[in-house]
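Asks: Residues per chain, in single letters:
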Amino acid sequence: MTTQSPEPSGRTQGDPNPVPPAKSGGRKRHWSEPLRNHTAVLLLIVLVIAGSFLSDVFLTPRNLLNILWAVSLLGIVALGQTILLLTARFDMSVAGVVGLAGIVTVLAQINGFGLYASIAFGLGAGVLVGLCNGALVLATGANPFLVTLGVNLLVYSLALSLTESKTLTATIPEFTALGRGQLFGFLHYSVILFLTLALILEFVLRRTILGRTIYVAGLNEVAGGLSGLRIQITKMSAFVLCSTLAALTGIIMTSRTNSTVASAGFGMEFDSIIAAVLGGTSLFGGRGGTLRTIVGVAVLGVMNNLLVLLNVPSEAQQIAKGLVFLAVVLADSALRRS
Amino acid sequence: MSRKKLSLRLVLCAAFASLGAPAFAQGPTICMVHNNADHPSITAVAKGMTDEAANFGAEITFLDPAFDPVKQVAMIEDCISRQANVIVVNAVDPAAVVPAITKAKEAGIYVIMQNADTTPEGKAFTEAFIGSQSFDQGYAVGQMIVKALNGTGKVAVVTGKTGQTDTVNRTAGMEAAFKDAGATIELIAVQPADWSKDKALTVMQDILTRFPQVDAVFGHDDPMALGALEAIKAQGREAEVKVFGVNGNKEACAAIKSGEMYGTALQLSYLVGVYTVRAAYDLNQGRLISKTILAPTAPVTPDTVAQWESQCW
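Protein chains in written order, with the working numbering: chain H, 1 to 338; chain Z, 339 to 651.
Everything labelled a hint here was simulated from the structure, so no lab data went into it.
Since the model is a prediction, treat every value here as computed from it, not as a measurement.
Even for Gly, the Cβ is constructed at its ideal location relative to N, Cα and C.
Treat the hints with care, as some may be off.
[Unchecked claim] Pairs of lysine-lysine, DSSO-like flavour, derived with a Cα cap of 27 Å:
{"id": "1", "chain 1": "Z", "residue 1": "588", "chain 2": "H", "residue 2": "166"}
{"id": "2", "chain 1": "Z", "residue 1": "492", "chain 2": "Z", "residue 2": "571"}
{"id": "3", "chain 1": "Z", "residue 1": "499", "chain 2": "Z", "residue 2": "571"}
{"id": "4", "chain 1": "Z", "residue 1": "485", "chain 2": "Z", "residue 2": "517"}
{"id": "5", "chain 1": "Z", "residue 1": "492", "chain 2": "Z", "residue 2": "517"}
{"id": "6", "chain 1": "Z", "residue 1": "385", "chain 2": "Z", "residue 2": "588"}
{"id": "7", "chain 1": "Z", "residue 1": "492", "chain 2": "Z", "residue 2": "595"}
{"id": "8", "chain 1": "H", "residue 1": "166", "chain 2": "Z", "residue 2": "409"}
{"id": "9", "chain 1": "Z", "residue 1": "409", "chain 2": "Z", "residue 2": "499"}
{"id": "10", "chain 1": "Z", "residue 1": "385", "chain 2": "H", "residue 2": "166"}
{"id": "11", "chain 1": "Z", "residue 1": "443", "chain 2": "Z", "residue 2": "629"}
{"id": "12", "chain 1": "Z", "residue 1": "492", "chain 2": "H", "residue 2": "166"}
{"id": "13", "chain 1": "Z", "residue 1": "588", "chain 2": "Z", "residue 2": "485"}
{"id": "14", "chain 1": "Z", "residue 1": "485", "chain 2": "Z", "residue 2": "461"}
{"id": "15", "chain 1": "Z", "residue 1": "595", "chain 2": "Z", "residue 2": "385"}
{"id": "16", "chain 1": "Z", "residue 1": "499", "chain 2": "H", "residue 2": "321"}
{"id": "17", "chain 1": "H", "residue 1": "166", "chain 2": "Z", "residue 2": "571"}
{"id": "18", "chain 1": "Z", "residue 1": "571", "chain 2": "Z", "residue 2": "595"}
{"id": "19", "chain 1": "Z", "residue 1": "409", "chain 2": "H", "residue 2": "321"}
{"id": "20", "chain 1": "Z", "residue 1": "588", "chain 2": "Z", "residue 2": "441"}
{"id": "21", "chain 1": "Z", "residue 1": "485", "chain 2": "H", "residue 2": "166"}
[Claimed, not checked] What follows is a list of derived Cβ distance ranges for each label pair:
{"id": "22", "chain 1": "H", "residue 1": "65", "chain 2": "Z", "residue 2": "489", "range": "29 to 39 Å"}
{"id": "23", "chain 1": "H", "residue 1": "65", "chain 2": "Z", "residue 2": "441", "range": "30 to 40 Å"}
{"id": "24", "chain 1": "Z", "residue 1": "592", "chain 2": "H", "residue 2": "53", "range": "17 to 27 Å"}
{"id": "25", "chain 1": "Z", "residue 1": "408", "chain 2": "H", "residue 2": "135", "range": "27 to 37 Å"}
{"id": "26", "chain 1": "H", "residue 1": "117", "chain 2": "Z", "residue 2": "392", "range": "36 to 46 Å"}
{"id": "27", "chain 1": "H", "residue 1": "233", "chain 2": "Z", "residue 2": "445", "range": "45 to 55 Å"}
{"id": "28", "chain 1": "H", "residue 1": "45", "chain 2": "Z", "residue 2": "490", "range": "39 to 49 Å"}
{"id": "29", "chain 1": "H", "residue 1": "65", "chain 2": "Z", "residue 2": "641", "range": "35 to 45 Å"}
{"id": "30", "chain 1": "H", "residue 1": "176", "chain 2": "Z", "residue 2": "595", "range": "49 to 59 Å"}
{"id": "31", "chain 1": "H", "residue 1": "270", "chain 2": "Z", "residue 2": "632", "range": "34 to 44 Å"}
{"id": "32", "chain 1": "Z", "residue 1": "445", "chain 2": "H", "residue 2": "57", "range": "55 to 65 Å"}
{"id": "33", "chain 1": "H", "residue 1": "50", "chain 2": "Z", "residue 2": "408", "range": "29 to 39 Å"}
{"id": "34", "chain 1": "Z", "residue 1": "433", "chain 2": "H", "residue 2": "233", "range": "14 to 24 Å"}
[Said to hold, decoys possible] Per the computed footprint, the stretches of chain H lying under chain Z, defined by three or more beta-carbons under 8 Å from a beta-carbon of chain Z, are:
{"id": "35", "region": "47-60"}
{"id": "36", "region": "66-76"}
{"id": "37", "region": "164-170"}
{"id": "38", "region": "250-257"}
{"id": "39", "region": "264-270"}
{"id": "40", "region": "315-326"}
Take the sequences, apply the hints, and build the full model.
Replies: Next comes the structure, spelled out in structure tokens:
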């Protein structure tokens, strides 16, 4: 097997869509191209500049660290979603998995398992849901959006039945360190975890056969299969990874709030897709990366933070979020056409 | 019937929504479209209903639209096709349920609104409202805040989902209490955390960053109040910010007892469940019932927590 076939050539590694030629003069790049390619970075800069003028506390180190802490959970879900989006698939069940994983972890603790064993149970729940998603989508060829939406309902109901609809509290005191603990007294573990995972996944995407196969699975899986790449198992891995990262998020969230709710992850299914696409990962597969997702998540985090700091009425907040979402989707479609 | 069986039924309902549960018992068949099944207050309502159902031979099906007004309408329609005797609705959106409850009334099914009422026009199609009124809960919290702050200070509110009945009324009730007491309290921030403890934590964190002085925070329910408390503790501002909630769940009552929280409006949710089953039974027997049946709200503060602790759920 060679790694040449999936490797896109040229400057924009991992961005196999060819750069549109400039209007005149052969291969010269248009001046606006880097801007279009990195809309989220631009948006982030604009938001940060605007924020620093509108609020005198915005640019304080503590506030910036708070933003990171607030979005690190969504960020971890969004990393998994990014990988799956690269294969041109979604996972709507992450919402339910976030709730379920926390519940399984706490239930394991209540039943006498230790700290690490209980976390392993929680992650295991995520792996199982991921396998289930992958198997259903790959075996039936059904729409992944709808399949995972259905799985989400089942997972949510399962979480409710496991707790008999009650709120549970973790029994191991050290468990809260995962969500609340800080390195050097200011950097939360969940932030470190989010950033490290993004780096590792970016490396996997760029430098391993698995990573390159993920891109090919989203671009042209037939060609990839004919070239000897193991497309099916790659897609399965993407589903499992996405679900496991959602489970990790659920465990951290439970540790942060010290209590479980089956609906804990509601909204994260859409928010994680928004964050990934905002960062520049395509809804249509094959284009993007996890470092980009950090930027997408940061934009959402800064936006949420500013809405509160400026005390924007909640009705108007919905408008702002809706507009950002629409802008992102439209920009993605436009980029795809170009 | 045990909760486990009920939960199992909930799962089965999701899978076989169209297959009705046959009614073997003498009592009414009740179809309950509540909201957010694992919220502690809903759990307590459901427990009250299940316990009392045993006394009246009632069969209850619980359906959970999880905050989705559209899903709620579809679930009410499912209840109509199941030909339940009584449909109990906790409105996600007061106006959105009107067409569905109109249909129920036309099908000869009694509709009881629980905890979150419908609009005045929708009320024509319902038999009764049972619950604690969210306005009263907000009012009770407002009174507690006025007392705790001696009538003056800066207050932030961490609200439920924007536009929902409980969200709107709890803030309105609180403001009315401020006004009636002639308090000079400044409402510095009103920000949504969508009934999520984790969101309340991050929103409160930002509120604390923005305002160097916050005298009290009102979380629209106890989980959110406790989430806000985590943010306050993380910044070491426990002495400055007094935390208030609504519900009276066990964790909140414990936090009030230990001095971490200042007060909560205890909603006697178990009673709401009990009253609902009794009303459904009476309706099914062709008896007249009162249009409004209210369960009491009790202000739980460090002074009264010993008295109410046993009722916290």
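Asks: It remains to establish, for every hint, whether it holds in the given structure.
Replies: These are the hints, each one checked on the structure:
no. : hint                           : in the structure
1   : 588(Z) with 166(H)             : 12 Å, holds
2   : 492(Z) with 571(Z)             : 19 Å, holds
3   : 499(Z) with 571(Z)             : 24 Å, holds
4   : 485(Z) with 517(Z)             : 13 Å, holds
5   : 492(Z) with 517(Z)             : 15 Å, holds
6   : 385(Z) with 588(Z)             : 15 Å, holds
7   : 492(Z) with 595(Z)             : 24 Å, holds
8   : 166(H) with 409(Z)             : 23 Å, holds
9   : 409(Z) with 499(Z)             : 16 Å, holds
10  : 385(Z) with 166(H)             : 11 Å, holds
11  : 443(Z) with 629(Z)             : 16 Å, holds
12  : 492(Z) with 166(H)             : 34 Å, violated
13  : 588(Z) with 485(Z)             : 23 Å, holds
14  : 485(Z) with 461(Z)             : 36 Å, violated
15  : 595(Z) with 385(Z)             : 25 Å, holds
16  : 499(Z) with 321(H)             : 15 Å, holds
17  : 166(H) with 571(Z)             : 25 Å, holds
18  : 571(Z) with 595(Z)             : 17 Å, holds
19  : 409(Z) with 321(H)             : 23 Å, holds
20  : 588(Z) with 441(Z)             : 39 Å, violated
21  : 485(Z) with 166(H)             : 33 Å, violated
22  : 65(H) with 489(Z): 29 to 39 Å  : 36 Å, holds
23  : 65(H) with 441(Z): 30 to 40 Å  : 53 Å, violated
24  : 592(Z) with 53(H): 17 to 27 Å  : 44 Å, violated
25  : 408(Z) with 135(H): 27 to 37 Å : 30 Å, holds
26  : 117(H) with 392(Z): 36 to 46 Å : 39 Å, holds
27  : 233(H) with 445(Z): 45 to 55 Å : 53 Å, holds
28  : 45(H) with 490(Z): 39 to 49 Å  : 42 Å, holds
29  : 65(H) with 641(Z): 35 to 45 Å  : 38 Å, holds
30  : 176(H) with 595(Z): 49 to 59 Å : 21 Å, violated
31  : 270(H) with 632(Z): 34 to 44 Å : 38 Å, holds
32  : 445(Z) with 57(H): 55 to 65 Å  : 57 Å, holds
33  : 50(H) with 408(Z): 29 to 39 Å  : 35 Å, holds
34  : 433(Z) with 233(H): 14 to 24 Å : 50 Å, violated
35  : 47-60                          : holds (count 3)
36  : 66-76                          : holds (count 4)
37  : 164-170                        : holds (count 5)
38  : 250-257                        : holds (count 3)
39  : 264-270                        : holds (count 3)
40  : 315-326                        : holds (count 3)
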